[in-house]
Structures are given as C-alpha cells and as structure tokens.
Amino acid sequence: MPELPEVETTKRGIEPWLLNQRIERVVVRQPQLRWPVVDELKLLEGQTVRGLSRRAKYILVETDIGTAIWHLGMSGSLRLVEPSAPAGKHDHIDWLLGNGKVLRYHDPRRFGALLWVEPGTDSDHLTHLGPEPLSDDFTAEYLFRRSRGKSQAIKTFVMDGKVVVGVGNIYANESLFLAGIRPATAAGKISLARYERLVSEIKQVLARAIEQGGTTLRDFVGGDGKPGYFAQQLFVYGRGGEQCKVCSSVLKEIRQGQRATVYCPACQR
DNA sequence: ATGCTAACCTGCGCGC
DNA sequence: TGCGCGCAGGTTAGCA
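In short: position in the first sequence from 1, add 4, done, that's my numbering.
Just so you know, these hints were derived from the structure itself, not from any lab. This one's a predicted model, so the numbers in the text were calculated from it and none came from an experiment. Where is the CB? At the ideal position from N, CA and C, for every residue including glycine. Hints are supplied without guarantee of correctness; some may be wrong.
[Said to hold, decoys possible] In silico BS3-like pairs for lysine-lysine, Cα to Cα no more than 25 angstroms straight-line:
#, residue 1, residue 2
1, K166, K193
2, K230, K154
3, K207, K193
4, K193, K256
5, K207, K249
6, K207, K166
7, K193, K154
[Unchecked claim] Here are the in silico distance ranges between beta carbons for each label pair:
#, residue 1, residue 2, range
8, D126, V31, 39 to 47 angstroms
9, G153, K230, 39 to 47 angstroms
10, T52, M78, 25 to 33 angstroms
11, E28, P90, 13 to 21 angstroms
Taking the hints into account, I'd like the entire structure generated from these sequences.
Quick look at the structure:
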C-alpha cells in the first residue's frame with residue numbers, strides 16, 4: 005500500500021487524534037508481523053503521546069519512556085475508529101486512547117511492523133537510511149556521486165532506501181517517466197544534468213501526491229478512512245499496454261527485481 | 001562491494 | 001461455480 009505520500013498522509017491524519025492523548029490500553033491480537041511485536045509495547049499503557057514524526061516510511065510515536073515505530077508494509081493502514089466498531093480479521097493492533105477513540109492497525113499481508121526503541125536509542129531499521137527525498141540533502145549532485153561506477157538500473161537504484169528513502173514502485177515509475185529516463189538505464193551512466201531533472205521530478209511528484217492524500221489503488225485509506233486521489237494522475241504505473249497520456253505510444257511493461265516497471269518507449273530514452 | 005533472487009503473507013482477478 | 005495461477009504499495013537475508 006504505502007509509499008512516502010501515503011505514510012505522510014496517514015501520519016497527518018492520525019496526529020490530531022493522538023497528540024497529547026493518553027494511551028489507555030494496548031491490544032495486540034496478532035503479534036506476528038514482519039517482526040514480532042515485543043512485550044515492551046505494553047509499557048505504553050498510561051503513557052502520553054508527546055509527538056509524532058515520519059522518517060522514510062516509518063511513523064514514530066514518541067512518549068517519555070520510549071518510541072513506538074509503525075511501518076505499514078505493503079497492505080497496512082492506521083485509522084481512528086469508534087470503540088464500538090468490531091475488530092475484523094486483519095485488525096491486529098488497537099490503541100485505546102484517552103479521548104475515547106481507538107487507533108486501529110489493519111494489515112492483511114502482515115508485512116508491516118510495530119517496533120519499540122528506548123529514549124535516546126535509534127532503531128537499527130532507521131540508522132542506515134538515505135536522505136529524505138523532500139529534504140535539501142537530496143540533490144542531483146548527491147545522486148550523481150552515489151551512482152558513479154554502478155551498473156544497477158536507475159529504477160532499482162532510486163528504490164534503494166540506502167540511497168534515498170520513500171520512493172517505492174509507484175513513484176519510481178512516475179518520476180522516471182516525468183524525467184524522460186528509461187528505467188533500465190545504468191545509474192552510473194546518467195549525467196548530472198539528467199539527475200537534476202530526476203531529483204526535481206521525484207520531489208514534485210511526491211509533494212503533489214501528498215497534497216492529493218496519496219494514491220489509493222485497492223485499499224489505502226488515510227487516518228480518517230478516506231482514500232487518496234492521486235491515482236487519476238498516474239502516467240505509467242499500472243498502465244502497461246495502454247496509451248501514453250503524452251504521445252499515445254503503447255506503454256511497455258517489464259520486470260525489474262520482481263516489480264512491474266512501465267515506461268513509454270518514446271518519451272523515455 | 002555489488003546486485004540479483006527468494007522470502008515473508010493474504011486476497012483478488014483472470015482464464016479455463 | 002470452482003480451481004490454479006500470477007500479481008500486489010516493502011524490506012531483508014542470502015548467495016554468486
């Protein structure tokens with residue numbers, strides 16, 4: 005489900021309902037997620053949420069005794085529900101809040117996670133990540149430098165969280181289309197000028213997707229339960245075999261690293 | 001080091 | 001109507 009815009013949308017959606025609230029009870033119905041939910045999460049009971057933030061596709065919930073870290077995996081969602089709403093088959097975790105609402109984690113495929121770190125500690129999952137794509141640290145010069153000597157395809161290169169975080173399959177496809185770059189091009193062969201264009205398009209497409217509340221393909225919903233509206237603005241993702249919206253050529257679909265890649269053979273060189 | 005593959009898990013849509 | 005197959009927004013472990 006979620007790439008950076010969907011995670012940011014979720015974080016913004018739940019923040020007003022969580023900030024400064026007491027977590028009264030933590031209910032874990034299914035601890036077997038991507039990594040097992042640790043017993044320490046129970047320590048959240050009675051704690052107050054001091055702050056929310058996002059790093060890469062992780063949502064950090066800070067309290068005085070530690071930080072809970074959500075990851076939504078492929079099919080996870082976090083939303084506020086009423087306590088009377090019955091928990092469904094894949095509603096794995098509830099946080100009962102002081103305001104009477106319930107923060108409910110739903111994740112059919114269970115590739116998501118809820119991690120825990122003590123104050124002043126960094127999760128191993130966060131320490132080796134690349135820069136945030138919307139930050140000033142993410143520049144064409146950076147990508148150019150990191151890519152020299154690499155034969156790896158540009159698409160898998162920008163999807164590597166050690167290079168830059170938050171760019172998943174949807175927005176990798178879209179930003180390469182917008183930048184006019186073929187996804188299979190070796191990252192090490194791309195010029196600084198073309199990286200200028202790519203970095204600019206990555207930043208723009210992510211920012212626009214956040215404005216639209218993310219991309220809803222099947223089941224993504226923000227914290228308020230509403231879908232995102234960016235899907236209608238996708239140029240290539242999920243459109244293999246259809247016509248290019250710019251030049252009407254038939255879009256090609258290939259596989260890179262077990263992921264679908266779609267591109268326009270005319271617009272992307 | 002680099003880069004590719006398989007794996008984790010469930011649901012859905014398609015072709016037969 | 002049912003069955004088998006392939007595919008899906010992410011990430012990491014393991015291998016050559």
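Quick rundown of the hints versus the structure:
1. K166 x K193: holds, 19 angstroms
2. K230 x K154: violated, 41 angstroms
3. K207 x K193: Cα-Cα ~22 angstroms, so holds.
4. K193 x K256: Holds, at about 22 angstroms.
5. K207 x K249: holds, 21 angstroms
6. K207 x K166: holds, 17 angstroms
7. K193 x K154: holds, 8 angstroms
8. D126 x V31: 39 to 47 angstroms: violated, 27 angstroms
9. G153 x K230: 39 to 47 angstroms: With a Cβ separation near 45 angstroms, G153 and K230 satisfy 39 to 47 angstroms, so the hint holds.
10. T52 x M78: 25 to 33 angstroms: holds, 31 angstroms
11. E28 x P90: 13 to 21 angstroms: holds, 19 angstroms
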